[in-house]
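> Protein sequence lines correspond, in order, to chains A and B. Note that UniProt numbering gives residue 224 to position 224 of the first sequence, counting from 1, and the numbers run on in steps of one. Note that UniProt numbering gives residue 149 to position 149 of the second sequence, counting from 1, and the numbers run on in steps of one.
Think of the hints as simulated: they come from the structure by calculation, not from any bench. Keep in mind that this is a model prediction, so the values were computed, not measured. Hints should not be assumed to be uniformly reliable.
The list makes no distinction among identical chains, and a pair is therefore deemed to hold if it is satisfied within one copy or across any two copies.
Claimed, not checked - Heads up, simulated BS3-like pairs for lysine-lysine below, C-alpha to C-alpha not over 25 Å straight-line:
| # | residue 1 | residue 2 |
| --- | --- | --- |
| 1 | Lys-121 | Lys-111 |
| 2 | Lys-193 | Lys-326 |
| 3 | Lys-122 | Lys-29 |
| 4 | Lys-193 | Lys-128 |
| 5 | Lys-128 | Lys-54 |
| 6 | Lys-54 | Lys-19 |
| 7 | Lys-20 | Lys-54 |
| 8 | Lys-128 | Lys-111 |
| 9 | Lys-192 | Lys-222 |
| 10 | Lys-164 | Lys-326 |
| 11 | Lys-27 | Lys-54 |
Number of protein chains: 2
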Amino acid sequence: MLIVQKYGGTSVANIERIKKVAERVIKYKKEGHDLVVVVSAMAGETDRLINLAKEITPNPPLRELDLLVSTGEQVTSALLAITLQSMGFDSVAFLGYQIPIYTTNLFTKAKIKEIKVDKIKKELNQGKIVVVAGFQGVTEEGDITTLGRGGSDTTAVALAAALKADLCEIYTDVEGVYTADPRVVSNARKLKKISYEEMLEMASSGAKVLEMRSVELAMIYKVNLVVKSSFTEAEGTLITEEDEEMEKVLVSGITYSRNEARISIYGVPDKPGIAAQIFSPIGEKGIIVDMIIQTVHPDNKADITFTVPRTDYSQALEIVKEVAKKLKAERVEGDDKIAKVSIVGAGMRTHSGVATKMFETLAKHGINIMMISTSEIKISCVIDEKYTELAVRALHEAFQLDQENIKEEKTFIKRPKKTK
Amino acid sequence: MLIVQKYGGTSVANIERIKKVAERVIKYKKEGHDLVVVVSAMAGETDRLINLAKEITPNPPLRELDLLVSTGEQVTSALLAITLQSMGFDSVAFLGYQIPIYTTNLFTKAKIKEIKVDKIKKELNQGKIVVVAGFQGVTEEGDITTLGRGGSDTTAVALAAALKADLCEIYTDVEGVYTADPRVVSNARKLKKISYEEMLEMASSGAKVLEMRSVELAMIYKVNLVVKSSFTEAEGTLITEEDEEMEKVLVSGITYSRNEARISIYGVPDKPGIAAQIFSPIGEKGIIVDMIIQTVHPDNKADITFTVPRTDYSQALEIVKEVAKKLKAERVEGDDKIAKVSIVGAGMRTHSGVATKMFETLAKHGINIMMISTSEIKISCVIDEKYTELAVRALHEAFQLDQENIKEEKTFIKRPKKTK
Chain A
1 MLIVQKYGGT SVANIERIKK VAERVIKYKK EGHDLVVVVS AMAGETDRLI
51 NLAKEITPNP PLRELDLLVS TGEQVTSALL AITLQSMGFD SVAFLGYQIP
101 IYTTNLFTKA KIKEIKVDKI KKELNQGKIV VVAGFQGVTE EGDITTLGRG
151 GSDTTAVALA AALKADLCEI YTDVEGVYTA DPRVVSNARK LKKISYEEML
201 EMASSGAKVL EMRSVELAMI YKVNLVVKSS FTEAEGTLIT EEDEEMEKVL
251 VSGITYSRNE ARISIYGVPD KPGIAAQIFS PIGEKGIIVD MIIQTVHPDN
301 KADITFTVPR TDYSQALEIV KEVAKKLKAE RVEGDDKIAK VSIVGAGMRT
351 HSGVATKMFE TLAKHGINIM MISTSEIKIS CVIDEKYTEL AVRALHEAFQ
401 LDQENIKEEK TFIKRPKKTK
Chain B
1 MLIVQKYGGT SVANIERIKK VAERVIKYKK EGHDLVVVVS AMAGETDRLI
51 NLAKEITPNP PLRELDLLVS TGEQVTSALL AITLQSMGFD SVAFLGYQIP
101 IYTTNLFTKA KIKEIKVDKI KKELNQGKIV VVAGFQGVTE EGDITTLGRG
151 GSDTTAVALA AALKADLCEI YTDVEGVYTA DPRVVSNARK LKKISYEEML
201 EMASSGAKVL EMRSVELAMI YKVNLVVKSS FTEAEGTLIT EEDEEMEKVL
251 VSGITYSRNE ARISIYGVPD KPGIAAQIFS PIGEKGIIVD MIIQTVHPDN
301 KADITFTVPR TDYSQALEIV KEVAKKLKAE RVEGDDKIAK VSIVGAGMRT
351 HSGVATKMFE TLAKHGINIM MISTSEIKIS CVIDEKYTEL AVRALHEAFQ
401 LDQENIKEEK TFIKRPKKTK
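Just chain A, same shape as in the assembly:
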């Protein structure tokens, strides 16, 4: 098999840990696999470099910032290749520009455009273990770029796609994807398998194990992605295409996010174009609106409630107050002490009654639902922040997520599968 492995910052935090990584890589090599190993910067190194730049100026020029920060992964890739060679295994380290991994020239958050795999294939054919510095690429002009948050995961998935690898393993400090955050739900269960769509919904609704971008990339190129721990031998979670078995699982996981805030504007005239007048100035400031609910009253007035990232809350509130004056709205209210709790499961497509069960469960615990939004395989409720843990635990129990049972409910109806 051709396996792409990616090791995060905590897995390569010091020489001792890099040796452990090398031992693991060698174990796979000895089993006869071809290996491409993507590494992050040693834990803390990226922050150290960014802080050096910030010591000079709060807004360092982005081209030079990328030149600076990309050294973190360069150091780790060299150290891992040195370690592998010192253990008797032929290895070669490559930087983004050497492969090359071509990206757009949007420094600090570049997108991969093309990966040339000839160089890597040549080294693999010679029996070498190929180590690649993650997070970095190069523009056509030869400038070094970085890929933004979760960039090394993206490097690994993109390489796996370009090389048509059999497997892409993301090694991190957790053992996989859980039915809920194990710090909140003590009997949260590690999932053996989850679909790309479910993982995407979980990532977008608060699960931190993977960035959405690398999951999207894996989904597009059908890369079999495994999340596992570099500190244990546990099996990890496979993220792959949805299959029959997954569809039978009603709910795969519960996620939560405390990164949002709610803004409500009451009593605006219910005329066409009102929403645009409210959301255009917010969008212009680069603030992303997540959920929107509009209620129309008999008196032709409407209430609009929406959520924004908590970090943008005060700015968004200012803007809305301005707009409210112009629109002669009755009043504006805001709340940044909210949480979003979501349930995600591919089985929702073919099962009914999931939403009802969620609402009933929250109600039973006296938790008021402020807003609801749904997708095909997700239901999210906005609640008072103080009930977050209670809600997650109650839902985890209600859907019996600590057990691996596949639900075959009475209401099961097989619907034709959608092509996406």
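Given chain A, put chain B in place with the hints provided.
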């Protein structure tokens, strides 16, 4: 003017100092000069990186070692460009591979083969200050190399040559080239000007201010080289082609080296091929022999004395003892407590009496001369190590090097100048 400036590790040791460097660069820029600035790694960083590799294995693979170590200069170049931009001066940082600076593939001690200057010229024409990571280059295959000891000086001189710069300034932690080590001779005088040949002889005989390689390069390409301090505004020393004025200076400087050891082999049969039998096995071990003296006795036996680097002393002594047995030599003696004291001056070519004055001065202070070697512009004496400082001070005084007088001695004879 087009000026290439190079700042060493202590000059860029932290953000505060990098800001000072930026201020100096900007001062020149404001005077209307075009600037290319070469930087070393922050003081201590190269050692930190090498130690990481040595923590893994005492003999790290050299390709990956270069990949690792070259990040030091990459970080500094990015930080300086960020600083210049934060001060309002357009700037761009380039790595070796981006220019590119092509080198041989002899990792850790690569030699520059070719520098493409188009990219730098283009940026200079746009009014930008160009910052270049020193010490590094790239092979034609795209592998990162480093240039060995004094590598950033070499980068600066090579860039100055390729760009046909008017001046190449090497900023360091001393104010220039002195008539003798100021730590030994309190009234040592800073030289305003010195010829390439003199500087080469001084570097080869113990002066540490510049590596021989960058002086050689400057000499070949006639690069006007200035050594000066980045911590003061003092003028520095210009290293340039020999002129009439320099020829009139009898002695420019006194140097010393304690890095050598002496080995003597007594009573070997004086037959052809003897020297080869002694020096071949030493050369095979990569040990460099500096001075050699052979004395022939009436009984057809010879004594041979030579010097080797002190670090190779015990190994060389073992080899010579082996050879001595085969040759039936009378005995072998060694001494690693020696020093080499040298006087250097372009004026020696046209003046006589310099050697005599040196020997008399040493004799007057009771210092025994063990070995003598001379070149056109240098005389070196090997003496007992304990007399090092005394010898340097005595010679400095005897040749009145604390004074800037140009000697017009009675014995002055103008000889035709040699073409080299």
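> Each hint should be assessed against the structure and marked as holding or not.
Taking the hints in turn, this is what the structure says about them:
1. For the identical chains of this complex, Lys-121 and Lys-111 are intra-copy neighbours only, at 23 Å inside a copy versus 30 Å across copies, given an alpha-carbon limit of 25 Å.
2. In this homomeric assembly, Lys-193 and Lys-326 never come within 25 Å of each other (Cα to Cα): the closest approach is 52 Å inside a single copy and 76 Å across copies.
3. In this assembly of identical chains, the alpha carbons of Lys-122 and Lys-29 lie at most 25 Å apart only when taken from the same copy (17 Å versus 47 Å across copies).
4. Taking CA atoms no more than 25 Å apart as the test, Lys-193 paired with Lys-128 passes in neither setting, with 31 Å inside one copy and 54 Å between copies.
5. Taking identical chains as interchangeable, the C-alpha atoms of Lys-128 and Lys-54 lie at most 25 Å apart only when they sit on different chains, with a minimum of 22 Å there against 39 Å within one chain.
6. For a Cα distance limit of 25 Å, the shortest separation of Lys-54 from Lys-19 across copies, 13 Å, qualifies, whereas the shortest one inside one copy, 32 Å, does not.
7. In this homomeric assembly, Lys-20 and Lys-54 come within 25 Å of each other (Cα to Cα) only across copies, at 17 Å, whereas the closest approach inside a single copy is 33 Å.
8. Taking CA atoms no more than 25 Å apart as the test, Lys-128 paired with Lys-111 passes in neither setting, with 28 Å inside one copy and 28 Å between copies.
9. With identical chains, the CA atoms of Lys-192 and Lys-222 are at most 25 Å apart within one copy only, with a shortest distance of 18 Å there and 70 Å across copies.
10. Taking identical chains as interchangeable, the C-alpha atoms of Lys-164 and Lys-326 are never at most 25 Å apart, the minima being 56 Å within one chain and 66 Å between chains.
11. In the homo-oligomer, the alpha carbons of Lys-27 and Lys-54 lie at most 25 Å apart only across protomers (24 Å), although the nearest pairing inside one protomer, at 41 Å, exceeds that limit.
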